[in-house]
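Student: Chains as they are written, first to last, in the working numbering: chain U, 1 to 220; chain V, 1001 to 1257; chain F, 2001 to 2229.
Watch out, some of these pointers could steer you wrong.
Said to hold, decoys possible - The calculated lysine-lysine pairs, modelled on BS3-like cross-linking and capped at a C-alpha distance of 25 Å, are: (1) K1022(V) - K1010(V); (2) K2138(F) - K208(U); (3) K1143(V) - K214(U); (4) K214(U) - K2119(F); (5) K1124(V) - K127(U).
To be verified - Label-pair distances were calculated between CB atoms; the ranges are: (6) E1136(V) - P201(U): 18 to 28 Å; (7) H180(U) - I2058(F): 24 to 34 Å; (8) E1136(V) - R2045(F): 30 to 40 Å; (9) D1017(V) - V45(U): 48 to 58 Å; (10) S2131(F) - A1180(V): 39 to 49 Å; (11) G1066(V) - L31(U): 27 to 37 Å; (12) N1025(V) - G115(U): 25 to 35 Å; (13) D1249(V) - R132(U): 29 to 39 Å; (14) K49(U) - E2115(F): 31 to 41 Å; (15) I2058(F) - L82(U): 19 to 29 Å; (16) V45(U) - A1149(V): 29 to 39 Å; (17) F2016(F) - V27(U): 37 to 47 Å; (18) A2127(F) - D1216(V): 44 to 54 Å; (19) N1025(V) - L31(U): 25 to 35 Å.
The set of hints was computed from the structure by calculation and includes no laboratory data.
Positions of the beta carbon are idealized from the N, C-alpha and C atoms, including for glycine.
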Amino acid sequence: MNSIMDISLLLLKGIKITLIVLAVSIVISTLIAFVAGLSRVSSNVLLNKFTGVYVEIFRGTSLIIQLFWFSYALPGLFNIHLGSDIWTAVIAISLNYGAYMSEIVRSSILSVSHGQTEASVALNLTKFQRMRHIIIPQAIRMMLPEYGNYLIQILKATSLVSLIGLTDLLYYGNIYRSTHLSEAPTVYMLILVFYFVLALPLIAFTRKMEVFSKKGVAQE
Amino acid sequence: MGKPIVNYSKIHKSFGDVDVLKGINLDIKPGEKVALIGPSGSGKTTIIRMLMTLEQPTSGTILVNGENLWQMEKKGQLVPSDDKHLHAIRGDIGMVFQHFNLFPHMTIVENCMLAPALAKKNDKKEVKIQAVEMLEKVGLGDKINLYPAQLSGGQKQRVAMARALMMKPKVMLFDEVTSALDPELVGEVLEVIRDLAKEGEMAMILVTHEMDFALDIADRILFLNEGVIEEEGPPSELLVNPKSERLQDFLARFNKR
Amino acid sequence: MTWDWGVFFEVIPLIFKGLWITIGLTIACYLFAMIFGFFWVFVARIPSKTISWIFRWIAEFIRSTPPLVQLFFIFYAWPMVPVVGVTLNPFVAAILGLGLHFSTYLSEVYRSGIESVDKGQWEASTALNLSTKQKWLKIILPQAIPPTIPMLGNYLIIMFKEVPLASTIGVVAMLHMANDYGAQHWKYVEPLTVVALFFLLLSYPSALLISKLEKKYNRRFDKKTISTL
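Turn these sequences into a full structure, and let the hints steer you where they fit.
Tutor: Written out as structure tokens, the structure is:
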């Protein structure tokens, strides 16, 4: 029992990095998702195609590869020094999940019933007003359950940051295991439990949204 | 009556290879009530959708208040209208849809307030008072804070009418507004339209299958068949003594039901 | 450090060799996930509410925690577990770890497929007095499986992109080869780019194929699609 306490206290040190990477990645990837998702439904061909290429590149390759690539290419190839690996991790995770989530933004916007657009035209709303007041509010409701699922995916993805040297939950676990080989089962089970506890509110959010999203949308 | 508020001339419309409208000429005078009847696929709905800017004519012109709806002048040349031009002209047109198209994420009073609050940038309090009055007028004064999903079909359609009326349109379009309703709910919706018709100042174009209703409120009935106006006239004449064989057939089939 | 085309072309054949290992491992993980996915469906149908509840949360636990940590558990921790613990080679550990993780997703696909079969079909099977086996094999599964094919295809692509995680426990496939090359020549970006290109080259056309299939079946299934990791 003592070692459980010891390990837990050690892991708590790493939880800060895990949470920072999680929170910042969620904010940035959500922003990217909306910008990219809206670009994908825009009538501007250039913007549409350019965003399409971005989305396919990031969805077509693995996050772990992107993470390594950024951690070597940013300082090496582009001579960009972010001062901290946290930013490298956040950039890789956000670009990756921004690409995935832009697809739910896009498909939600497209699945708002066409009658809603027609009614907005009949009420003489401008294109911008139509998006802002009619389409996007309904699209957001529709996308919330899938969005919740992606938040859980992002949480799981943060475990990769230890691979580029960030001192997160998994990093401290690995350190402990390297000096206490026989306690590996306790270490990794505790890490899994820690992640699960972090995931629980996100799971609850997702389930709640599954009920909520069915209200107040006109779906095609 | 004075000069027409809406004028269609030589309007053609095709979807792909299908010619839906083949040369429509039509004047609507201010305050006039016109019913469009005809078999499905005859292009009735397309006629009013083009006026609402939901469909672009393939050729021909539509004038609203004497202004060209689908073309605008640019450097001395006529070019297809952009959004701004359409926006500037279609404010006088309102429309009620077959499937209501209420905004499900807003309460019904918010549905009614949205357009005037945004488009006319009026005082929100004032707009709300008007919206409540309008909902009272269609008999839903006690339901203003409900969401569309909580209403019956007939109630939804009455909200849709109140919402369109909030724009104070000079021409109101009704696209088979009772077709999606259960039979027992049709009456309450027709009642509201009848009241509006009696008020008189607003022109109305109704696409409808309710012949008795058309007979009752319309100043003029147009019978559309295969993309042309086959016959037109006052309801008492057109429905009682149809001239063309096609209209006779159409009415006979209707009466059988 | 600048981009070196010489290195880029030099590593292509090297990493191409690793591609086959990545593909092989993907298929092995996926088969395991497909089979084990049925286990979750089966235990969810156990009449005892307590037991099915416990298994549902075990599945939720596996689904909501990082596969990377699960790989570490199986590879580093499992040998230390008293009595049942055995040392696994990296390949087997990867198949078990990633397979188990994805089985919880595939079970959701199966479940949605089964639920999509109209209730009347069950009632008709009962009315025709079919046996349980006949009911499943002749009536339910033939209708439940086809609409899930696009979803299953999607997960195969997702699995493909997750397999590089196995390099962290020493499976020598594309990513591991790229990192090895990088460590030897201090050139990481070029080999990693080649790996990324190989992934893109395979997953993008596959994704197009799947979306065609999806349109064909024209049905939206379970929304719990997952992305990488």
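Student: Work down the list of hints and note, for each, if the structure agrees.
Tutor: Going down the list of hints, with the structure as the test:
In summary, the hint linking K1022(V) to K1010(V) is supported, as the alpha carbons are separated by about 8 Å, within the 25 Å threshold. Between K2138(F) and K208(U), the direct Cα distance comes to roughly 37 Å. Violation of the 25 Å bound is thereby established for this hinted pair. Distance restraint check for K1143(V) and K214(U): the Cα-Cα separation of roughly 22 Å lies within the 25 Å cut-off, and the hinted pair is therefore satisfied. Of the supplied pair hints, the one linking K214(U) and K2119(F) holds, its CA atoms being roughly 22 Å apart against a limit of 25 Å.
Between K1124(V) and K127(U) the alpha-carbon distance is near 21 Å, which keeps this suggested pair within the 25 Å criterion. Distance hint check for E1136(V) and P201(U): the Cβ-Cβ separation is about 45 Å, which falls outside the suggested range of 18 to 28 Å. The hinted range of 24 to 34 Å is satisfied by H180(U) and I2058(F), whose Cβ atoms lie roughly 27 Å apart. Look at E1136(V) against R2045(F): about 55 Å separates their beta carbons, and that is not inside 30 to 40 Å.
A C-beta distance of roughly 27 Å is found between D1017(V) and V45(U), which places it outside the suggested range of 48 to 58 Å. Judged by the Cβ atoms, the range 39 to 49 Å given for S2131(F) and A1180(V) holds: they are separated by roughly 46 Å. Separated by about 47 Å at the C-beta atoms, G1066(V) and L31(U) break the suggested range of 27 to 37 Å. Look at N1025(V) against G115(U): about 30 Å separates their beta carbons, and that is inside 25 to 35 Å.
For D1249(V) and R132(U), the hinted distance range of 29 to 39 Å is not satisfied, since their beta carbons lie about 49 Å from each other. Range check, K49(U) to E2115(F): Cβ separation about 38 Å, and the 31 to 41 Å hint holds. Between I2058(F) and L82(U) the CB atoms are about 40 Å apart, so this pair departs from the stated range of 19 to 29 Å. Here the CB-CB span from V45(U) to A1149(V) is close to 38 Å, well matched to the stated 29 to 39 Å.
Hint check: F2016(F) to V27(U), Cβ distance near 39 Å, so the stated range 37 to 47 Å holds. Judged by the Cβ atoms, the range 44 to 54 Å given for A2127(F) and D1216(V) holds: they are separated by roughly 52 Å. The given range of 25 to 35 Å is broken by N1025(V) and L31(U), whose C-beta atoms sit roughly 53 Å from each other.
In this structure, the earlier hints numbered 2, 6, 8, 9, 11, 13, 15 and 19 are contradicted, and the remaining ones agree with it.
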